[in-house]
Amino acid sequence: MNEKMKLSVGAACLVIISGFLVFSTITPSFASWDRKPIADFFITEGWRQLSASNTVCTIVWEYRGYDTLGEETVLFTAAMGVFAMGIGFLSAEKLQEKWATEPTGGRA
Amino acid sequence: MNAIVKTAARVMFPLIILFGIYVVVHGHTTPGGTFSGGSIMAGAFVIYTLAYGLGDTRKQFSETPINVLKSVGGFVLILLIIFEFFLREAFVPTETLFALWSGSSLMIFNIVGGVMVFTGLLLIWYTIVRTDSQ
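Heads up: the protein sequence lines correspond to chains U and C, in order.
To convert, note that position 87 of the first sequence is 87 in this note's numbering; the numbers rise steadily by one, no gaps.
To convert, note that position 108 of the second sequence is 108 in this note's numbering; the numbers rise steadily by one, no gaps.
One chain only, chain U, in its complex shape (with noise of 0.2 Å):
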C-alpha cells in the first residue's frame, strides 16, 4: 500500500465519520425531542428529585456519575503524565551535565 492509497483511505474515512456525524444531527430520528422521553424527565423531574436547580450538576455528577468519575480520572492521568514527563526532562538535563563534566560519564 503506497502513500496514495493510504491517503485516499483516510480521506474516505474522514469523509464517511463526519458525513455520519452531521447526518446524526439533521436526521429526525436521532434528533427529534419527543423520542427522547429521558431528556424530558431530567428536565422535569431533576430538580424535584435531588432539589438541585442546576441541572446539569444533576445529570453530570448523579444521573452521569460514573462519567463524571471516568473524566476526573483522565484528568488526574493527564496532570500525573505531564509531572512525570516533566522530572524525566529535568533528569535528563542532568544526566547531560553529569556526562559533559566527569570523563567515566558519571556511571562509574
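Treat the hints loosely; a few may be bogus.
To be verified - Here chain U is said to cover these stretches of chain C; the calculated rule only asks that three of the stretch's residues, wherever they fall, bring their Cβ under 8 Å from a Cβ of chain U: (1) 17 to 31; (2) 49 to 60.
Claimed, not checked - Taking lysine to any residue and the SDA-like style, the derived pairs with C-alpha atoms no more than 20 Å apart in a straight line are: (3) K94(U) to I108(C); (4) K59(C) to F83(U); (5) K94(U) to V129(C); (6) K59(C) to G86(U); (7) K59(C) to Q96(U).
To be verified - Calculated from the model, a selection of chain C residues having no Cβ within reach of chain U, i.e. all distances over 12 Å: (8) N2; (9) A3; (10) V5; (11) R10; (12) F13; (13) P65.
Hints in this document: simulated from the structure, not taken from any laboratory.
Even glycine gets a Cβ: it sits at the ideal position worked out from N, Cα and C.
Here the structure of chain U is known, so what remains is to put chain C in place on it, guided by the hints.
Just chain C now, kept in the frame of chain U:
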C-alpha cells in the same frame, strides 16, 4: 515584573481564589461547577506566577501538598461515587430551591471535584513552567 503588575496580582489573588471557591460551592444552584471553579482558582496561581516568578511562587505554595491533595481527592471521589447510594440518605434534600444547602450530595461532589481539577491544572502549570525555565 514591575510594581504595578506585582501589586495588582497581590491584591487580586485572594479575590480570585474566593470567587473560584464561590463557583465551586454554589455549583448546584448557579451555572458553574467543578471545572470552571477549579480553572478560576488555578488561574489565580498562574497570574501570581507571571508576576512574581516561579521560584517565589513555589516557595510560597510548594508542590508536595498539592500532590498529596490531588491523590487524596481522587481516592475520596472514587469512594464517594461507589458508596453514593448510602451517602444519599445522610444528605437529606431540603425542598427549597436556590438555597446553598439544598442539593442532596451534589455539594460535596462539587467540592471534591473542584479540588481535583484545581490541583491537576496547577500541577500541569508548575511542571510546564519549570521545565521551560530551568
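Hint-by-hint comparison with the structure:
Using a Cβ-Cβ cut-off of 8 Å, 5 residues of the segment 17 to 31 of chain C lie near chain U, which meets the minimum of three, so the contact claim holds. Coverage of a stretch by a chain is defined here by at least three residues with a beta carbon nearer than 8 Å to that chain's beta carbons; for the segment 49 to 60 of chain C and chain U the count is 0, and the condition is violated. Our distance criterion of 20 Å between C-alpha atoms is broken by K94(U) and I108(C), whose separation comes to about 43 Å. Note on K59(C) and F83(U): the hinted pairing holds, with a Cα-Cα distance of about 18 Å set against a maximum of 20 Å.
A C-alpha spacing of about 17 Å is found between K94(U) and V129(C), which places the hinted pair at or below 20 Å, so the restraint holds. Using a Cα cut-off of 20 Å, the hinted pair K59(C) and G86(U) holds, with the two alpha carbons roughly 19 Å apart. Using a Cα cut-off of 20 Å, the hinted pair K59(C) and Q96(U) is violated, with the two alpha carbons roughly 27 Å apart. Distance check on N2(C): its Cβ is at least 29 Å (rounded) from any Cβ of chain U, clearing the 12 Å threshold; non-interface status holds.
For A3(C), the requirement that its beta carbon stay farther than 12 Å from each beta carbon of chain U is met, with the minimum near 31 Å. V5(C), annotated as away from the interface, keeps every beta carbon of chain U farther than 12 Å; the closest lies near 26 Å. Against chain U, the non-interface label of R10(C) holds: every CB pair exceeds 12 Å, the least being about 27 Å. For F13(C), the condition that its CB be more than 12 Å from all CB atoms of chain U holds, with the nearest at approximately 22 Å.
With a closest Cβ-Cβ approach of about 14 Å to chain U, P65(C) is found to remain outside the 12 Å limit, as its non-interface label requires.
The structure does not agree with the numbered hints 2, 3 and 7 stated previously, though it agrees with the rest.
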